[in-house]
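J.: Sequences listed follow chains A and H, in order.
In this text, residue positions in the first sequence follow the numbering used here: the first is 998, and each later residue adds one.
In this text, residue positions in the second sequence follow the numbering used here: the first is 2, and each later residue adds one.
A few of these clues could be false.
[Claimed, not checked] Looking from chain A toward chain H, a few residues come up when the C-beta cut is under 8 Å (computed):
hint	residue
1	Asn1074
2	Val1173
3	Pro1253
[Stated by the list, open to error] Covered by chain H, according to a simulated footprint, are these stretches of chain A (three or more residues, beta-carbon under 8 Å):
hint	segment
4	1229-1241
5	1256-1269
6	1284-1298
These aren't lab readings, by the way, just hints derived from the structure by calculation.
Cβ coordinates follow ideal geometry from the N, Cα and C atoms, glycine included.
If you want the building blocks of each chain, they are given just below.
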Amino acid sequence: MNRLFAMISVLFLLSSCNSSAPEQKQTETKKNLPTYKIGYMVCNSENETNGRFRPLTAYLSKQLNANFEMEAIDTTNFIQKIDTLDFTHTNSLLYIIMNRFHGVEILATEKKGSLGSRSQGVIIALAKSDIKTVEDLKGKSILFGPTLAPTGFMAQVDILQKHGIDPDNDLAFYSVPKGSFKHEQVVYGVLFEKYDAGALPINDVEIMSAEGKISADDFRIVDKAEPIPYCNFAVTQKIDPAFAQKFKQTILALTPSTTVEYNGETVKVLDRALVDGYEDAKDADFDIVREMAKRVNMPPYQKY
Amino acid sequence: MLNRLLSLILFGLFLIPASAANACVGRILYLGALQSNEGKIMSEMLALLINERTGTTIQIRSFDTTEQLYNALKSPKEEERVDIVVENTAQALSIAKQTAGASPDQDFIAVKAFYEKELDVVWLNPFGYNTNAAKPSISAPLIRRDVLTNFPLLPRVLNKLAGAINDKAFQDLIKSIDAGEKPKNAAKDFLKKQKLI
């Protein structure tokens, strides 16, 4: 009998691998309040995304007197789940795809790192390598980030094309890493000389350097793309515009000292979310992303 | 009585991790293939190329008949759908209920238009080999259009096989399978020789 109970306990622990679903139904759920679901795009891993945004989601529940639930969703699954969501937190490329195909509307962009509410794709090589300009990348290998990461893939293909390099014909080889933490894998792929160059957001270089994972001096930034809007909150069409505005104002009002009681501790909301704050945004701010997507033959304008 | 209750609980708990497992991994792409030597070698080749170049997890689903394969291509259900298949123009003309044109290239244009309009499936560039010496037929990878939005790198990567497999290379691959080599190994060797992985 004891063995059976032990097995049940183990199975309970194993089922917690699905870190989002069971914990969403926390005891915080209040009866008779409307429930809203926020889909958060997974940046590095599902666990990281849940850890970052659960306190913020709890804060929104408290401030807006509603039950907010969250789901961490892989970039490649996000669009097909849009009908199950009320609010979205994604990168700028996913936003313009959802805006065009599903009418999702922008609320606010995230501020983080040296560029504030902007993100910038860079191509890196080892400082000791002979790759000094974009033209030097001809005949070399490049490790890109996830293809739906605007500053991990699209921006760098744009750089190459602007310099007359066709990634499909002029590079020796290119690929995308398997598994989680793809941006970090790109850096290590270059550092350990498996690839000649790497494509990733400049934020990730800054973060890895600040965390002591790499020394920035080991790398050369071969080129930078034009800065584009960073991750953002947007709202689906099913939400009342007045409530969407309340949501937006709540997000914009967040400061580094904003806290929430979460799982028995007082948590700084922005700090935990690894965000500096949120900034008002307009749909036209994303035209720069749209033009880049057209140049690089990416969705929502992809042609075959 | 207590044991039966606990058994029921245990069975129920076994079901939880099954659904949780899907939530713990990213999206998987499913590649459909018929149980023929061409189906086996080309599905393995595409699976290897996609996995190595895009980091995407691929699972191959095998089918006995064309009808089963196309039902899976139309299915929205995760447990039965396929996202990518290899098809030839002769078979596609049959599906489209069209007659052959003056050349395989014309057939390709005709079925490509039909599949995009009627099936929401996109034909990528042909591999280069003919599947039927008596009535030439072009083979190419096909992808569901909704998949292309979420995996925009797929056309770029799969088009690396465009024109890369001529008749002799294809026949050599088929012969190696007939001789007992595993399709996955034959596909891997070919891709490495071509410096595609």
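J.: Compare the structure with the hints numbered earlier in the document and write down the numbers of the violated ones, lowest to highest.
T.: 3, 4, 5
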